[in-house]
Structures are given as C-alpha cells and as structure tokens.
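Numbering of the sequence shown is given in my numbering, commencing with residue 90 and proceeding in unit increments.
Note that these hints are calculated values from the structure, not bench results. C-beta atoms are modelled at their ideal positions from N, C-alpha and C, and glycine is treated no differently. A hint or two may mislead.
Here are the computed distance ranges between Cβ atoms for each label pair [what the hints assert, rightly or not]:
id	residue 1	residue 2	range
1	L279	S129	30 to 36 Å
2	L256	I141	32 to 38 Å
3	P178	T134	23 to 29 Å
4	D142	L94	38 to 44 Å
5	G199	H289	22 to 28 Å
6	G157	L256	36 to 42 Å
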Amino acid sequence: MGVDLPTILPMMFALVLGVVCHEWAHGYVAYRLGDATAYSEGRLTLNPIPHIDPFGTILMPMVLALTGAPVLFGYAKPVPVVFQNLRNPLRDMVYVAAAGPAMNLALAFGTTLVLSLVINTLGVAGAAMESVGNLCVQTVRINVILAIFNLLPIPPLDGGRVAVGLLPHEAGRALANVEPYGFFIVFGLLLAGVLDVVIHPIMGAVLGVLQLLL
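Take these sequences, add in the hints, and give me the full structure.
Quick look at the structure:
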C-alpha cells in the first residue's frame, strides 16, 4: 500500500538531512585528521546540492516510500577520502568511518529532545503539533535506520571499514578484500529479507531507549 504526499515529504526531508549530515561528518573528521580532499572538492558543506545522488537520494527512497516499504533508506554521493593522507591511516580510517553513523545517532537523539520540548514544554497542539511531531518522528526513525544499516560489518559500508581497522591484520585484510562485492552482498541480503530481520530488532531497541526521553 502506498502513502500520501503529506507523509512522503517529511520522510524525504528526514532522509536528505540524514544522508547529507552523514557524509559531511565523514569529510569533517577526515579533514581534522589530515585529509583535505573533501574540503578541496567543495564537499565539506551542509548544502545538500553537492551531496545529492539522483538515484540514491531521490529516486530509490521515493519508490520505497510510494510502495510502502517497511524500511526507508538511501544514500548520498560518498565524500572523497584519501586514507593515505590521514595521519595514522589504519586507526583514523575507523574514526572517519564511524563518524557517519555517529552523526545519524546524534541527529536522532537531538530530534528526540526537540520533540520532548515541543510536547512537554511548549504544549503546541492541533495541526501544527501534528506536523512537527510527524517530522520529528520520521527524522528519528530514518536516522536510526541509517545508522544501523551503515554499521553492518560489510565493506564498503562504514561498519565494514570500522571492522577492517579493528580486526587483527590478517582478518582485517581478508574482510577488506570483500569490498568490491560488498554492495552485491548487501543487495542479496536485502532481497532475501535478512536485513529486515537484523535491522528491525535493533531499531526497536534504539527507539525504545529514545522514547524514554519523551
């Protein structure tokens, strides 16, 4: 079953916000750790235009939303990072990779606080409250999904790169060799329904913790 425009728009706004901030975080941490590639290519910005990927940021999430998919996610253009430019490439790769999901969790946490403020302090009611509440809920939910999805330990996802940096040398090297096939593996797991089984319980637990703030 599809969804209507007033439902889709907050979802798309939340997704664009999430993926843009995610990529900015990668670029910012890389810049602080010695790699200025994202800065020199104009990607160290929160302006969404340089980050938008027509398929991953617009078309795919729109199709998922219109078809009522149980999980809505997407991606922006990856921020360029030259790991050899980092001061400590193996260690700093972990920080750069973790920065994206950490930003998504920070957005989810911050938005939950805003929603709590609106509900408990400002006491906004009626249509305005419904619109603000829906936008906040979608922002929290989608950013939690983005964080969990990107933390899957499959290169080139962020979790895969974190794992490569943390595992013993031989194991990390073996996992890094999976990267050329990573997206095919993720797509296969998605089609098989495995990702739903993994993501939904974790998402429920994280959302349950955030709900304690309301």
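Each hint tested on the structure:
1. Remark: the range hint 30 to 36 Å for L279 to S129 is upheld by a beta-carbon distance near 34 Å.
2. Checked against the given bound of 32 to 38 Å, the beta carbons of L256 and I141, roughly 33 Å apart, stay inside it.
3. Distance hint for P178 and T134: a CB-CB separation of about 25 Å, consistent with the stated range 23 to 29 Å.
4. The hint said 38 to 44 Å for the Cβ distance between D142 and L94, and at roughly 23 Å that hint is violated.
5. In this structure the hint that G199 and H289 lie 22 to 28 Å apart at CB holds, the actual value being about 23 Å.
6. Range check, G157 to L256: about 38 Å between beta-carbon atoms, so the 36 to 42 Å window is met.
Of the numbered hints given earlier, the model fails hint 4 alone.
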